[in-house]
Amino acid sequence: MSDDSCIQCQNVVRPRQEALQCDGCQKWQHRTCNSDPSIVVDRSFDIPKQVQEDSIADEYIGDIPEDDPTVHCKPLKRAAESKRKLCDSGDFNYTVKKQKNDHILWRCTKRNKTINCPATVIQDGDNFKPGMKEHVHPAEPGSVIAVMIKKEIKAKARDAVFGQSSKTIVTSVLRQHADIDAPEPSRPNPSSLQRTCNRVTASLTPDDPKDLDFELDLDYLDQKAPDFYQKDVVVGNNRHLIFYTDRQLQLLAKAKTWYMDGTFRIVNAPWMQMFSIHAFVRSGDSMKQVPLVFCFMSGKSQEDYYQVLRAIDRRLPEHLKLQGMVVDFEAGLWQALRQRFPGTPIQGCAFHWAQAVFRKIQENGLQSAYNKKDAVYTYLRQVMALPFLPPEHIPDTFRQLDEKADHPGVQKVMDYIYKTWIRNSVFDIDYWCVFMSSIRTNNDVEGWHNSVNTRVCTRGPVPFYSLVTELFKEASDIPLQLKLVSEGKLQRYQRKQSRQTQGRLFALWDEYCNNSISASRLLKECASVYGPPPK
Numbered sequence: 001m002s003d004d005s006c007i008q009c010q011n012v013v014r015p016r017q018e019a020l021q022c023d024g025c026q027k028w029q030h031r032t033c034n035s036d037p038s039i040v041v042d043r044s045f046d047i048p049k050q051v052q053e054d055s056i057a058d059e060y061i062g063d064i065p066e067d068d069p070t071v072h073c074k075p076l077k078r079a080a081e082s083k084r085k086l087c088d089s090g091d092f093n094y095t096v097k098k099q100k101n102d103h104i105l106w107r108c109t110k111r112n113k114t115i116n117c118p119a120t121v122i123q124d125g126d127n128f129k130p131g132m133k134e135h136v137h138p139a140e141p142g143s144v145i146a147v148m149i150k151k152e153i154k155a156k157a158r159d160a161v162f163g164q165s166s167k168t169i170v171t172s173v174l175r176q177h178a179d180i181d182a183p184e185p186s187r188p189n190p191s192s193l194q195r196t197c198n199r200v201t202a203s204l205t206p207d208d209p210k211d212l213d214f215e216l217d218l219d220y221l222d223q224k225a226p227d228f229y230q231k232d233v234v235v236g237n238n239r240h241l242i243f244y245t246d247r248q249l250q251l252l253a254k255a256k257t258w259y260m261d262g263t264f265r266i267v268n269a270p271w272m273q274m275f276s277i278h279a280f281v282r283s284g285d286s287m288k289q290v291p292l293v294f295c296f297m298s299g300k301s302q303e304d305y306y307q308v309l310r311a312i313d314r315r316l317p318e319h320l321k322l323q324g325m326v327v328d329f330e331a332g333l334w335q336a337l338r339q340r341f342p343g344t345p346i347q348g349c350a351f352h353w354a355q356a357v358f359r360k361i362q363e364n365g366l367q368s369a370y371n372k373k374d375a376v377y378t379y380l381r382q383v384m385a386l387p388f389l390p391p392e393h394i395p396d397t398f399r400q401l402d403e404k405a406d407h408p409g410v411q412k413v414m415d416y417i418y419k420t421w422i423r424n425s426v427f428d429i430d431y432w433c434v435f436m437s438s439i440r441t442n443n444d445v446e447g448w449h450n451s452v453n454t455r456v457c458t459r460g461p462v463p464f465y466s467l468v469t470e471l472f473k474e475a476s477d478i479p480l481q482l483k484l485v486s487e488g489k490l491q492r493y494q495r496k497q498s499r500q501t502q503g504r505l506f507a508l509w510d511e512y513c514n515n516s517i518s519a520s521r522l523l524k525e526c527a528s529v530y531g532p533p534p535k
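Number 148 in full-length UniProt numbering belongs to position 148 of the sequence shown; there are no gaps in the numbering.
List time: in silico SDA-like cross-link candidates among lysine to any residue, alpha-carbon distance up to 25 Å:
hint	residue 1	residue 2
1	Lys524	Gly409
2	Lys231	Pro479
3	Lys404	Gln367
4	Lys412	Asn364
5	Lys419	His407
6	Lys412	Phe329
7	Lys231	Asp246
8	Lys85	Thr201
9	Lys231	Lys300
10	Lys419	Asp396
11	Lys254	Tyr306
Hints in this document: simulated from the structure, not taken from any laboratory.
From just these sequences and the hints, can you work out the full model?
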């Protein structure tokens, strides 16, 4: 018999079996073979972790107030009359069980799977008396404060459907009403309050449209954005919604120049972009660009733009003061503008023109050479300064520059400019030339889009109805902005560098008009003050 055999059953004690070993003879015995000791007794003892004292000391009990046998009740109205709540002096809460005229039977709110409190309060007019049955649970001191906190959070959530996060609302209310000396039930769980706030917001906002066949919730728009929705334009399978106020339309009719652009960052499907029309309002030396029309568009074809412009134009007076438009280089929009407003000058955005050319410079591997600020840099800066020349000088100047293009990448850039900008029937030279023009871009529109994106687009595209209410707030602020502009207290923000560039360009143009400098010198000087900086 081997040493690892059981002395009782003679079977081998395997490693995974529990057994006892004698300290004297070193023989083994299975635990189940005539053995009395229990498993629990023979197992090794795990030393428990040392208990650490809390760093927050227990509160001092202090004086204990005596119970007040009189029941003092305070009704608390909620959003709906059917959801009223009653709080008594004993810190118990009640809701309405039955009501007939001025007679109301209130029942304790403590009703769940474990507790079903039968306590009641009977109200006759302004008199309250307790019912026959007592409470079967302890009171919750401070619950009145908790109810008031939740009530105010719901009210703030209804007033700020969009624009404030639930965390911001809850934090502001708790900061105002929470008292560290009040009983624990007076401070509700912040996470629970945030969920309550989100539920209120979700219940007040209609569902986001999933496709273009949705039915517009006009009741919600009349409540949150009265007289803002104007037209539903259907073009084939596409749909476009136009929004503006009467005051915005009046300003649009008086504006001499319209600035147009679109943004896609803040819209959800089925929308493709939020297209807007802006204009400057002036008073003396003060001026400010304001948004005048908003349009949610699901398509960007020439017909889509034309029908939208047609719907807006039909609401305008017969005789407009419109003298020009500044837009991005989008062929569908340009063709629609020419078709709807024939003879009205259209000016392309100089910034987007230079941006498009610089993108070609990068695509053809010239970024590194441009960054070195050598001959390639000087040459390309002159190419991107072509819009600042008089339109009659641009073709000849372009040919002179093209003859110097001896690098394959530079030649591809010049081929692109020739095909897209010099010999293009849509974007004629007159449309992207900015000679003697004080406002050469629609960057103010893009700046407004960026500010809206930054303000509302914190977690991706914004729900449709929430975005409409936010745009209505923008429209509602316009009368105040006009007043501030007229008082010289609000004007367009322009960086110091932009003001210096503006002054330098007009000084160069004046020198050219006075025959002090040639067209080639004007090009080189404009190239030195305008263009994308090297990286």
